[in-house]
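*Asks:* Protein sequence lines, in the order shown, are assigned to chains A, B and C.
Positions in the first sequence are counted from 1; adding 133 to them yields our numbering.
Positions in the second sequence are counted from 1; adding 133 to them yields our numbering.
Positions in the third sequence are counted from 1; adding 133 to them yields our numbering.
Hints listed in this document are in silico derivations from the structure and should not be mistaken for laboratory results.
All values derive from a computational prediction rather than experimental measurement.
Treat the hints with care, as some may be off.
Since the list gives no way to pick out one identical chain from another, each pair is judged satisfied if it fits inside one copy or across any two copies.
[As the list claims (entries may be wrong)] No more than 27 Å apart at the CA atoms, straight line, and that leaves these computed lysine-lysine pairs for DSSO-like:
1. K501 x K425
2. K269 x K516
3. K178 x K416
4. K156 x K269
5. K501 x K269
6. K471 x K153
7. K493 x K379
8. K214 x K501
The lines below spell out each chain.
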Amino acid sequence: MIGSLQKTDRAVDFLDGGQKAHKLAKELYPICRSLTGEGLRQTLKTLQRTLPLEIYEVPTGTIAYDWIVPNEWSVKDAFIKDPQGRRVVDFRESNLHLVGYSVPFRGILTREELLTHLYSDPAHPDWIPYRHTYFKESWGFCVAHRKLEDLTDNRYEVCVDTSLDPGHLTYGELVLRGRSTDEVLISAHICHPSLSNDNLSGISVAAALATCLMEEPTELTYRFLFAPATLGPIVWLSRNEAIVPKIRHGVVLACVGDSGPVTYVRSRSGHAVIDRAVEHILKHSGDPFSIKDFAPEGYDQRQFCSPGFNLPVGCFMRTPNGCYPEYHTSADNSDLIKPEALGDSIRKLVSVLAVLEGDKTYANQSPKGEPQLGKRGLMQDAKSLGLWWILNLSDGQHSLLDIAERSGLAFEKIEEGARALTACGLLREVEAHHS
Amino acid sequence: MIGSLQKTDRAVDFLDGGQKAHKLAKELYPICRSLTGEGLRQTLKTLQRTLPLEIYEVPTGTIAYDWIVPNEWSVKDAFIKDPQGRRVVDFRESNLHLVGYSVPFRGILTREELLTHLYSDPAHPDWIPYRHTYFKESWGFCVAHRKLEDLTDNRYEVCVDTSLDPGHLTYGELVLRGRSTDEVLISAHICHPSLSNDNLSGISVAAALATCLMEEPTELTYRFLFAPATLGPIVWLSRNEAIVPKIRHGVVLACVGDSGPVTYVRSRSGHAVIDRAVEHILKHSGDPFSIKDFAPEGYDQRQFCSPGFNLPVGCFMRTPNGCYPEYHTSADNSDLIKPEALGDSIRKLVSVLAVLEGDKTYANQSPKGEPQLGKRGLMQDAKSLGLWWILNLSDGQHSLLDIAERSGLAFEKIEEGARALTACGLLREVEAHHS
Amino acid sequence: MIGSLQKTDRAVDFLDGGQKAHKLAKELYPICRSLTGEGLRQTLKTLQRTLPLEIYEVPTGTIAYDWIVPNEWSVKDAFIKDPQGRRVVDFRESNLHLVGYSVPFRGILTREELLTHLYSDPAHPDWIPYRHTYFKESWGFCVAHRKLEDLTDNRYEVCVDTSLDPGHLTYGELVLRGRSTDEVLISAHICHPSLSNDNLSGISVAAALATCLMEEPTELTYRFLFAPATLGPIVWLSRNEAIVPKIRHGVVLACVGDSGPVTYVRSRSGHAVIDRAVEHILKHSGDPFSIKDFAPEGYDQRQFCSPGFNLPVGCFMRTPNGCYPEYHTSADNSDLIKPEALGDSIRKLVSVLAVLEGDKTYANQSPKGEPQLGKRGLMQDAKSLGLWWILNLSDGQHSLLDIAERSGLAFEKIEEGARALTACGLLREVEAHHS
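For reference, chain A alone in the conformation it holds in the complex:
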């Protein structure tokens, strides 16, 4: 199964994967997602078309550690009409117009009253900002600043036809069982409405990885979590504490579709195998990248890395949240994300998973002096496959990733070398995945 992942590592395949991911993100774009609600279900059902996803519904009022699942939010309509009855701001045009979790409201407001409920960004006058008010009862509209400046009438009719009623928090989970019960957690948040990079890109890339992994049996078990940010993982953790100890590696996917170089945020420990695997792949990719230490900020690694769990979960991004101007605005649309970038993210993540799959520990079966590679026909490839390195360091204490790091050779070469040495009996695996 190592081979299967490696095998697909051809630029053409990944560009194809990137194009499919882009298409999926584009299809999901118009849906109005939020912390709860129909948009989440619709998004997860779209994924179910190709993936055997389980959808879970957690009732309003459920306690999850320090949190309570809130009422479910639904939007029927929302607009601002001018005195002529024209919809000058209309939820049907963009779901970003309505502040997420806005409570119902109907009324006639003066311009001044209305302005206290409007949000715009003068620095980017054509973009609609994105806002929500999850834990404070209020309502509001987000508008392009240029539009806001056009609102010169004295009175406006406002309609926020929403409801906040007992319902559910919805999340999706996909488990692909491998030979081992050791798990890799791959998580993407699904609560953002029409925003492509953050995080339709993460959803689509996660789906592409799942598709790829379903092609043949894997060593490790893969658990994909598609849940609304923050509360989703908290709810999931509270319902799955028995699974937590099985999670050996994890990665949160967000903002993986823009053209910027990859940014990886290390797990809380900073030297987990996932951290080392990602860094190894990025170093050997030849592309620019940056690695950051864990900080309690950013995406859902915050929950997985909370001290009560302290899981080895990092965050794989391209340009990080807040570091590109289109972040959390209507300009984070299907044009911002690129098939090539999505494909490159998939390609690099597949390589990372191949490291996790193959990072085994071996023992040299002829450990006293160097064995004679010539009589085994291995002299030709000894150097390129790091055979001497593998033989020297395979003392039961060094995994293949250790050997790749110390030798400076690519993991896939070392793994190929280990296969060759195993085939001729010079190497034997000594330890399953418990790094």
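Since chain A is already given, all that's left is putting chains B and C on it; use the hints.
*Replies:* Chains B and C alone, transformed into the frame defined by chain A:
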């Protein structure tokens, strides 16, 4: 009590403290101090005016490890007279003129004979050097080189009217008991005669810290030691071995009054809490500073860091001994030390003590996932007080100083954050001071 | 015995040693050495003239781990004759002409047929390359490229009058017993024919070290191994497993006669005492040098550092194998190696051995406070001999090399200081050589 130390952290207070320290140093300047003798008693009695200092007298002949307390030295008079009977060198003008611990002598000497007993520094012809002869029976005078060149007569009358008789070695000790029996040792040497930076500055700054700490109860116990260099700490250690294990942190104060940036010499281990606390405060001060590794040289940290004790004691200085031209000369006078510099030393040391006082370890009481700060009204200050960092790292393994270091935030912010989180029940202290 | 090694550390002695080493290398140069055979015996017998070397003969067919001792190779004659009967390539002119381990052959060949058995280097047209065919039955000649271009006739007579018959693999071993059974292994490969730097230089320098060590008793036991590369150490290890645990330090000597700066390759662990000792001596030499991390390549440290042994064995070279153009060609002759360079290698290695001999651990017998050096007459040298450093760090946990490293002082100074402190009872050795 943390608050009390922090509260006084206002520039105006510390300038006032610096002015008082300067005044005290100026008052102590004329006294003739040495390894033993009346000058030490007079100095310690001056401190007793404002501090409840205990004065200890250790008899001549007392054995302290490898050392023996020597005879006590007293000076009645000392001079060199020219053939005209004029005092051309006079102890009454400056106590630096007489080599410390000079044995009694009276006689008429030729110029050549006299010169073998005179010490001057041609590089600084107007300054009187400072010298002593503690463990070798001899006598001598220190003179400005310009004065030495004026000694052109053939014969001189020399009088060294000193005595070396059984008496005592004198030191002062002040203990300010805190809630904990864990101790902070603050030590300043008191054996130098009319030399301001080395070390009336250390004595005055230590006195200012004691005054500051007496204002309200502290967590830790503070032990101030005012003793002659080298032998003083050795004698103190030999009489207080039962106390040594209680010393959790310590700092030697010397040369803390000149205008140079702060220099801190780490304890022997190099990563004691005192080392990290000083480095943290200096880094966040915005002022230039330098940190040096321990070396068996310099001031009394040599004794506290000897292998039989290996205490976590560093040395806080401004310009180190030997690194300013006025060092150990008559130019190290009240003009060399500045109220502003003394005040800055006090201010930084108070901040260091505040770190030692407050460096506790907590446990997040809601460690699974992030707790909801919004419902507790803490979202506003979450970032500036490092609340997410504190919650993430408060797993019982990281102290507040650890968290300050890793987050890059100032300790006082982290401490304020910890108070806020403790107040709302999200944090609980798990460990007293035993770092 | 420490003194004896130090005593000889005079430039004149080492230049003399270098000249003797150069003479020995020149004498050994014409001998045709290979993996086995008479040339090895002749080489070792030459060494026996001055050193009490044991010569071991291991029969063909002996199994050594993954290897089998091959047939012994002998050369009676080898040449290529042109149609006029002139020897255009002649083994008697240079043993490099014949590919090592060439099987017997006699015949008339066309020019084209002959060319498939000839090896030359167009980049260095005047040099004969060096080649062998140890584990593949074949024959060939190495020739200067200019000579190869002169072979324009159509037919040539070829004679390879060699034999490959059951015999022995030959190696030499010299053990110089010290007070301790702890051993230092010094190894040089002896299988290269007329090549001076690689490795008549290593053989000669090893012989010089042995001569030096025989002058007086040593603390450690020294074991010199003169064996054909790769198979030699493997055979030795397979016959001496009981000795392996006694080897505390080791160094492989190769290419130690050229004029380049010293290159040292660390042992597999990277921080063995031998690694630190060599680095210390090179740092304090004032000469340029380079240190490389272990890699499973180069000389016989590959065998000693194989995972089944993992011995603390580094490799001391000047310009490394493959990094000088004359490497493995006829230009690696007696002119390439210099008496000065050989002498410098001897000198530095003697200094390294002096560190290994003297790297003991002491305990300060007056560990509480600093002892009084003045009354012991040691104040004069306290600084230059690092007495304060030795006293401070001699807590039973730091060896003299640790102290030299931390203080920045030369090991020989620290050792001299330790002797002075031991003489006056302030220091006592606490631990024999078991670092």
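*Asks:* Starting from the hint list further up, note which numbers the structure goes against and sort them upward.
*Replies:* The structure breaks hints 3, 4, 8; every other hint is satisfied.
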